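Take the given structure of chain F and dock chain R to it, following the hints.
The listed protein sequences derive, respectively, from chains F and R. Counted from 1, the first sequence has number 69 at position 70 by numbering that gives the first Met the number 0; the numbering is strictly sequential. Counted from 1, the second sequence has number 190 at position 191 by numbering that gives the first Met the number 0; the numbering is strictly sequential.
No wet-lab data here; the hints were simulated from the structure. Keep in mind it's a predicted model, so treat the numbers as computed, not measured.
Selected chain F positions facing chain R (Cβ under 7 Å, derived; list incomplete): (1) Pro4; (2) Arg8; (3) Arg15; (4) Gln90; (5) Glu93; (6) Leu94; (7) Leu96; (8) Thr98; (9) Thr99; (10) Met100; (11) Pro292.
For glycine and all other residues, C-beta sits at the position ideal for the given N, C-alpha and C.
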Amino acid sequence: MKWNPVYKRELMVSSRSIRMAVILLLFNGILAIVALFNLFSVVEQVKLTAEIQYSRFLELYTFVSFIEFIMLLFIMPALTASSVSGEREKQTLELMLTTTMDPREIVLGKLWFALTTMLLLAVSALPIQSLVFVYGGVTVADLAMLFICHGVVAALTGGIGMFCSSLLKRSTLSTVCAYVVIVLLVAGTYAANVFAFRMDMNELNAYVYTANSAVRRASSGGFIYLLLLNPAITFYAVITRQAGSGDIRVPFEQWFGALPDNAVIDHWILISLGLQLLAAVLLIAAAVYTVTPVRGGGKRVQEEPEKSRQNARKLRVKIARFHAFRA
Amino acid sequence: MLEIRNLRKHYGNFQALNGLDLEIPEGELFGFVGPNGAGKTTTLKIIASLLLADSGSILIDGVNAMKDNRGLKEKIGYVPDFFGVYDNLKVSEYMEFFASCYGIEGRQARTRCTELLEQVKLEDRADFFVDGLSRGMKQRLCLARALIHDPRLLILDEPASGLDPRTRMEFTAMLKELREQGKTLIVSSHILSELSELCTSIGIIEQGRMVLQGSMEQIFEQVNSSNPLLISVFSNMEQALAILKSHPCVQTISVKKDEIKLGFLGDRQDEAMLLQQLIDADVMVSGFMREKGSLESIFMQITAHEGEKAVLKHEMESGL
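Chain F extracted, bound-state conformation:
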């Protein structure tokens, strides 16, 4: 199997750096401390009340999953948003682009490396996350679902980072842009829904005496579908299904009012994961397109003068006809 040269080089360089080891230590250290405190409190409670609170293990699972999600949301853009622009700053991108390597390999090599780093963190957290299996409550299928959800979040945030990095020349600017887009996606779509819901509620309150208000409940309307692209909502939906109430309608109706009764709401997790994955693919394709310096060869280049000559000829004919008509 032929390795992606960029991926191979990134792995080699990162393995020499102490940065990854420090991140792993800090991440697992925090998780281990939380897990130990959790177990300690459970044991202490057993001593006092002779009761085991199984929900505490689920809380641990939720906490570890949440930390992983936050990490994906914040570390992935940091890893990817400086990837292509970093090569540009080091002036090595041009050198790679003059080789026979496809620009797609450059972008994908960088993305695979960021995903591998995230996978390494997720796998290293598995022993702590697996504590939940000691007393049950979460199945292996649930864990797999969570991994899929995290994978899609990583692809989306990575895609945003890669696109910003390929579009902008400076790493600092591209990192800031990537974070702004992610904040807009997470907090922006949520805020838009809350705002729409409040506006609708105000409108309904104004007509409180009309018969209409009795049959219609306030909602955020079509804005609800924006949340399909919000990775935090998707994660929340997955965790709610596994360790919460089990139905996302309950929290959604609290936050955004009445929900439409359709297949999108019924299959929210599946559709949102699919859409986010599609967005990630489109962003990565756009990043490849932006990085490619010469696209489609010179056919287009050589045809342009001919096309413009034809257009000029057509224009001359039109002008001649116009003058003939006037005469």
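Frame of chain F; chain R shown alone:
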């Protein structure tokens, strides 16, 4: 090897290349000269497929660069005017990384890297980190990197800038060696004295157009023929001046002691006839030659703006 026809490129309102034509036969070491902003780097970047031209055609060793991008990349090696090195990567790893970018892997890549590091005299630095190398070593490493896939055409953009004289000489010796190995090289540089020693042919670009192109001999001959004619007269100066004043090819005359400087518009035959005429008139001539032109003087003449041209003309005519 390389044939460029009517190449055009603009950046906004600025026309960087304005119908550039260029032809470089195989095995040439071509010096690409021009003032800042003339379009040298733009041309080289278009050849290296890093920029898209507005129009025109590029043919490299039979490959249409506009249609077969991959075929083009296999034929060229590019050394830009910067190093482009990675931190935390050793010299051998840096070379093997670029080998893998061309699909050369494993033992084949290692053998090729060792050969090239020996060629650029960096074999003892294979296990050193790239960012710890000196400027000259980095430049040699970049040259080795560009040769990793054994390209037929090597493009070097300002390769000697920032190098000390010794490193520069070593680097130019390497380029000559590559030419002897049968490679075609395009070298863009501002150090004209070196190009004149190094190159077999030269092209001068000005405002996106090729204003002068040919072999070094042709260009020097062409420029020398417009240089002043220097005649050293041992005796009979009055007779010599009388003959020169009446000669139809003589434009200007300036005399300094026993040396006459002529603005002479004539070919080698006219020069020979004038010498014969002086000798027949009993003028004792101890020296008769065209003033030698340098690449710098050619460059200055061609790229000078109207005002500068007037000053140069005045300087030439007044013998300054």
